[in-house]
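Everything in the sequence shown is counted per my numbering, starting at 81 for the first residue and increasing by one.
Think of the hints as simulated: they come from the structure by calculation, not from any bench.
Distance ranges between label pairs, derived from CB positions:
hint : residue 1 : residue 2 : range
1    : Leu180    : Ser142    : 27 to 35 Å
2    : Glu160    : Asp114    : 21 to 29 Å
3    : Arg113    : Leu187    : 15 to 23 Å
No experiment lies behind these values; they were computed from the predicted model shown.
No residue lacks a Cβ here, since even glycine has one placed at the ideal position from N, Cα and C.
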Amino acid sequence: MTAAMDAAMDAAAGAPLEAPCRRIAADPETVERDLSRLVLTIIELVRQLVERQCVRRMEEGSLTDEQIETLGVTLMRLEEAMADLCERFGLTPEDLNLDLGPLGTLLPTT
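Please build the complete structure, drawing on both the sequences and the hints.
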């Protein structure tokens, strides 16, 4: 390294770090519920996307009756599992629909 780089690194090491303009409120009492909410929101988003894809494929006739039956049962079980997990963590389906500000909500409202 050059002397200039050494001096710059020494100066930077002693300089205070800038505080971020937004801070995450990591309350130990709610961190498990908040993390659960985030994970379940992502799972619910993927579940809804898969469900829409299945409906689209069913409507265009690219699935056999057996595939439709299997997908239907699988999606029903996944929906039941999501309801169980929401209940376990004290969440409602509305809690999973994150507000994205000017973009609206993450999940479509039915």
